[in-house]
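Chemist: Going line by line, the protein sequences match chains A and B. Adding 15 to a residue's 1-based position in the first sequence gives its number in the working numbering. Adding 15 to a residue's 1-based position in the second sequence gives its number in the working numbering.
Incorrect hints may appear among the rest.
You can't tell identical chains apart in this list, so a pair holds if it fits in one copy or across any two.
Stated by the list, open to error - Straight-line C-alpha distance at most 20 Å; calculated PhoX-like pairs for lysine-lysine: (1) 51 <-> 28; (2) 323 <-> 107; (3) 177 <-> 490; (4) 106 <-> 129; (5) 228 <-> 108.
To be clear, the hints were calculated from the coordinates, so they are not data collected in a lab. This structure is a prediction, so every number in the text was calculated from the model and none was measured.
Number of protein chains: 2
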Amino acid sequence: MTKSIEKLRAHIKKYSYYETMAALLSWDQHTYMPVKSTENRAEVAAEITELALTLLLSEETGDLIESAEQETLEEQDRDFLTIVKREYRDKKKVPQDLQVRMAKESTRAYEAWKQAKINNNFNEFEPMLKIITDLQREEAQCRGYETEPYDALLDKFERDMKAAEVDDIIEKLKPRLLELVSELEKGKKPRRLETGETFPIHKQQELNKEILKLMGFDFDAGNLSLSPHPFTASIAPQDVRVTTRYRENDPIYTIFPTIHEGGHALYELGVPPEKQVFIENLAASFGIHESQSRFWENMVGRSLEFWKFFFPTLTAIFPVFKNVNYETLWRSVNIVEPSLIRTSADELTYNFHIMLRFELERGMINGDIETSDLPGLWNEKMKSYLDIQPPNHSDGVLQDMHWAVGLYGYFPTYMLGNLYAAQLYNKMKQDIGDIDASILSGRFEELLQWMRREVHVHGSLYGPREVLEKATGEKLNIDYFMQYAGEKFRRVYDL
Amino acid sequence: MTKSIEKLRAHIKKYSYYETMAALLSWDQHTYMPVKSTENRAEVAAEITELALTLLLSEETGDLIESAEQETLEEQDRDFLTIVKREYRDKKKVPQDLQVRMAKESTRAYEAWKQAKINNNFNEFEPMLKIITDLQREEAQCRGYETEPYDALLDKFERDMKAAEVDDIIEKLKPRLLELVSELEKGKKPRRLETGETFPIHKQQELNKEILKLMGFDFDAGNLSLSPHPFTASIAPQDVRVTTRYRENDPIYTIFPTIHEGGHALYELGVPPEKQVFIENLAASFGIHESQSRFWENMVGRSLEFWKFFFPTLTAIFPVFKNVNYETLWRSVNIVEPSLIRTSADELTYNFHIMLRFELERGMINGDIETSDLPGLWNEKMKSYLDIQPPNHSDGVLQDMHWAVGLYGYFPTYMLGNLYAAQLYNKMKQDIGDIDASILSGRFEELLQWMRREVHVHGSLYGPREVLEKATGEKLNIDYFMQYAGEKFRRVYDL
């Protein structure tokens, strides 16, 4: 007789096929789909979402889990069961009809947000945002919490993280960041690079593919496409796709979204086959995921050693950069200054963008802030955190799509990712020694192997706390980020 | 109470969503999917095929059809019912598990074929081909036939066509083609164009997009991608995608697959919404489909008028062609000579490539030929039809993917397409007068509108015979092809 665990495996495998279809529909929508297909695509995506949820939340799943728990299992099977149980219970917390409503409304809200951003008009978006916010408040109630509703949503992205703990981190991090930023003001600010040239997109594509190859990205298990908002999509266990965007006058700009997304992709591809149970949610948390992209983007991609190593590759494709040296390039990608847009902020002030969003979304979910308060509060907080004033809503409260698609609780993981990355980086240096030398000679596989061994190996079996402790031997400690950032930026600013 | 016809519409709409997913999975496999996703993709494709078939072949479909037939229906509803019934009955002929096995094995066989072609190794492909051939033989038995098993498969692509009738056509066509080809030998053979230059792929892409736009292809309802074997994919009613391939040293070569696939796409996009019931099988037949691609490729794209009109566009992107004149270009794309590869054969000898394949696949399905006989028979027939010997299997028996993916019975539709195209072209000239002048001034919409009115308008409501007779007022007559070809090539060859 077939064991229940085997039946459960077959059952979940089938679910993963629906995940693949859903992921492909979504990846295609954001890359190659012609615009007239939009309406149809929404229906097709809804259909597959419903199929998938119906299968996962069926009585059969519950029964198979229950009887598999009675069986004597090998370690691999126990891990598998743990992963399945968590996903099942998590999805089970929210009534299916609320999930379907959320899926439908967020498609509409995404379109409304896109349009409002183009029109620079918050008011036309607000009614839709209110619907989404209310649904998210409802979801928080369904999920349950001890202290505050926001915790229920934060937990979706960062297991066992609480808003109060994020508060603690911010309380410690904020003064030290402010101190470092003001110290840098006494240093020599690098100049922004402007070549005045045009760089053909196909050549930029070539360059970015080269970078992904250098990082160890396997083009037989993924690809690189163009999309307005860079993202990484897991389509299947051996099919993880990266997208980036280009600026015709600035090929340096593009390199960072590409490396960033490449870092995400390496994580997804690095999870060992036996832990690849689902297509989504392969990772310990979104914060740990972000630690991977940030490590590659900032610790590697914005290091002096990287630019020294990479300079011949860059100038082979774009000879104009021979007029600058690699050190100037390195400095130019490490300018610290308050700016409007989160996604292009520097490593230090980036965290203020997150603090601002965390306060706002926490208030919205806990019921202290209404959507109509947002534009005013946004601008107030931009003033207080970064001392700048958005000239319009498109570059202010409307800049991110997260709230439109119901990703409340997501933003803090970006900041946590920065902190995790620095802590992992510190331990990596202890373990493998001279990382700078590895980067300088392009031996990125040493870095990747360390991440595989210490982080990727667990897949989603453990949460972020356990993974961080297993890899570094201690709890989250913001000293590592401040130490890394202090050393680096003092060097950049000649202090 | 909702009428059964309305319920049936909702039911079939849902089926069409599954078709969209299946089509996207397949398009993606042939364009962007990384190779390591292959095995998984086969499973996912099989899963969606099963879902789709289960829905279409359900008792519910049969019941809804039956009760809708009892209702008083408007013309549009009657047409809808006719189209649904035919598809339902057709799919019902083949057991679901055979269809699912076919879907799964053909995904694998396609990859095996691709690899074998690269390796120039028929033997490594043969076991997979045998599996596919056996499945196709089984399908022929399930579908049923009067005279020979092959008829059952031919009917899938060309409704009511029989192998014996194809035989008759070949018997008449072959001597007249041979006669014309040998007449041309007395003429002035155009020289093949070789620039010795390299033409960047991204510029070729630009050129090919321009051509599709000129033809009236709507890039908001489709796109152009790269694939090793050019094809057109209907993903959704307003989402029809074209692929082509490039040769770095020859931008003229690519133009024809692009125009060809563009012709297919215009047909799919030209079927009126009320006849767009399914995503697949929108057309009268594959032969009629091919008449559209051939019309655009050969009657338009290889005409002197087209090259005169197109010359400024071409030379704007590739100025090197200013060294040649448009007439030389026109002649160079109309050289008649025996060649190895079907897809790049001239309009006359192309038909010999089809005759050869027809004989082989007919023999394979009827049980007279085994897969192991193929390489030998291929080379023999190449010698007898075209008097050339393939130097390797990649350019011989392995050149086409059709058999790998189970498209037995498809090849004859290419030849029929040539013949239909000429007959439609003749009628179009009678109806709208000076087509040459339209082409010369780039008024392609006049040609497209005629095709929409006379051919596309029917969708799949009628079969190829009825569509041809409705559009031209008579049955298939090969004289039109011979007349068109004779006039054209005597002009090319200065006879």
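Chemist: Hints first: check each against the structure and report whether it holds.
Modeler: For each hint, the structure was consulted:
1. Taking CA atoms no more than 20 Å apart as the test, residue 51 paired with residue 28 passes between copies only; the shortest distance there is 17 Å, against 33 Å inside one copy.
2. In this assembly of identical chains, the alpha carbons of residue 323 and residue 107 never lie at most 20 Å apart, being 51 Å within a copy and 65 Å across copies at closest.
3. Proximity of residue 177 and residue 490 under a CA criterion of 20 Å is satisfied intra-copy only: 15 Å inside one chain copy versus 76 Å between copies.
4. Taking identical chains as interchangeable, the C-alpha atoms of residue 106 and residue 129 are never at most 20 Å apart, the minima being 28 Å within one chain and 41 Å between chains.
5. Taking CA atoms no more than 20 Å apart as the test, residue 228 paired with residue 108 passes in neither setting, with 41 Å inside one copy and 49 Å between copies.
When each numbered hint is compared with the structure, violations occur for hints 2, 4, 5.
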